[in-house]
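Note that the protein sequences, when read in sequence, are chains X and E.
Each position in the first sequence, counted from 1, maps to that position plus 66 in my numbering.
Each position in the second sequence, counted from 1, maps to that position plus 30 in my numbering.
Take these hints with a grain of salt, some might be off.
Rough simulated footprint, nothing fancy, chain X against chain E, three-plus residues with beta-carbon under 8 Å [claimed, not checked]:
no., segment
1, 44 to 56
2, 59 to 66
3, 82 to 90
4, 96 to 110
5, 113 to 127
Keep in mind the hints are simulated off the structure, nothing from the lab.
For each residue, glycine too, the CB sits at the ideal point set by N, CA and C.
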Amino acid sequence: MVVQRNPLYSAISLVGVFVSLAALYVTLSAPFIAAVQVIIYAGAIMVLVIFVIMLLNVEDEELRPRRLRFLVPTAIVLAMVLIAEVAFILFTVQVTPSTPASSALSVGLTSSIGIGLFTDYLLPFEITSVLLLMAIVGAMSLARRGDLPPNARVVPGAQVLARDVLSPVAGEDLTAVETESTDEAAQLLGLEPRNRSGKGE
Amino acid sequence: MEPQLSWYLALSAILFTIGVVGVIIKRNVIAMFMCIELMLNAVNLTFVAFSSYFQDVTGQLFVFIVMTVAAAEAAVGLGIIITIFRNRETLDVDESSNLKL
Chain X
67 MVVQRNPLYS AISLVGVFVS LAALYVTLSA PFIAAVQVII YAGAIMVLVI FVIMLLNVED
127 EELRPRRLRF LVPTAIVLAM VLIAEVAFIL FTVQVTPSTP ASSALSVGLT SSIGIGLFTD
187 YLLPFEITSV LLLMAIVGAM SLARRGDLPP NARVVPGAQV LARDVLSPVA GEDLTAVETE
247 STDEAAQLLG LEPRNRSGKG E
Chain E
31 MEPQLSWYLA LSAILFTIGV VGVIIKRNVI AMFMCIELML NAVNLTFVAF SSYFQDVTGQ
91 LFVFIVMTVA AAEAAVGLGI IITIFRNRET LDVDESSNLK L
């Protein structure tokens, strides 16, 4: 996933990872979590990510970082140290004898999750709902364009002109004069209205 | 052969490490965002594995809450990404190292 240059390929690979994790959740006897994983992650979140990738339409491939080349020997040495530490832990630390997990049929079901969520963990559940509300408000306020006044109308064909463009007498007056169409703006400027499709010429 | 708990923990550690490496080496902000999602999923796998091992449903409740936080993070993060792209015309995090234009 991280070796892909195109972020769209990374996103598709990440969908595969999420579906595989959902399969692992099924084998771990957690069917509700598996369903939620497919619906929320592979469905909602990745659709949002792919939508943003295609909206921004960044097609240029990511270049291989050249400036990290001198750090590669250092990284190799540090990785060898890490591998040595892991081998030390694996071969010297005494392993606790593991008891095999018995087949659980009542733990991962939806009813037990719901009972736990609405009795013992009611406060985190409510805090989560407040968090989602804050996320909605934050996303709306972030994605809103802030450079237009809230009562501005953008009508196709309409023109907004400053008053000093219309008449030289007005001086530095920059009051906006709205017109309903391009032809009306042309009349205010003293120009001939542009004829549509060559009629009248 | 019955799958052991340590296998799931090892897979979770591998996934988390891939996520960390991706956040470090990627420069596209959307790719970094997806690597963060991968790290959250690694933690979710650890929670579910321990929940199945100890026969306790609490871990799966935590997974539910983590998924909700991930959804909120996706909404706000993608809004921030769109705002960054609108102001700077790029998605490279090295190009947008200043908070103020």
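Check of the segment 44 to 56 of chain E against chain X for coverage (Cβ-Cβ below 8 Å, three residues minimum): Contact hint for the segment 44 to 56 of chain E vs chain X: holds, 6 residues under 8 Å.
Given coverage of the segment 113 to 127 of chain E by chain X, checked by CB-CB distance under 8 Å (3 or more): Per the Cβ count (3), the hint holds.
Within 8 Å of chain X (C-beta), three or more residues of the segment 96 to 110 of chain E: holds (count 13)
Given coverage of the segment 59 to 66 of chain E by chain X, checked by CB-CB distance under 8 Å (3 or more): holds (count 5)
Assertion that chain X covers the segment 82 to 90 of chain E - criterion: three or more residues, beta-carbon distance below 8 Å: holds (count 7)
In summary, this structure violates none of the numbered hints.
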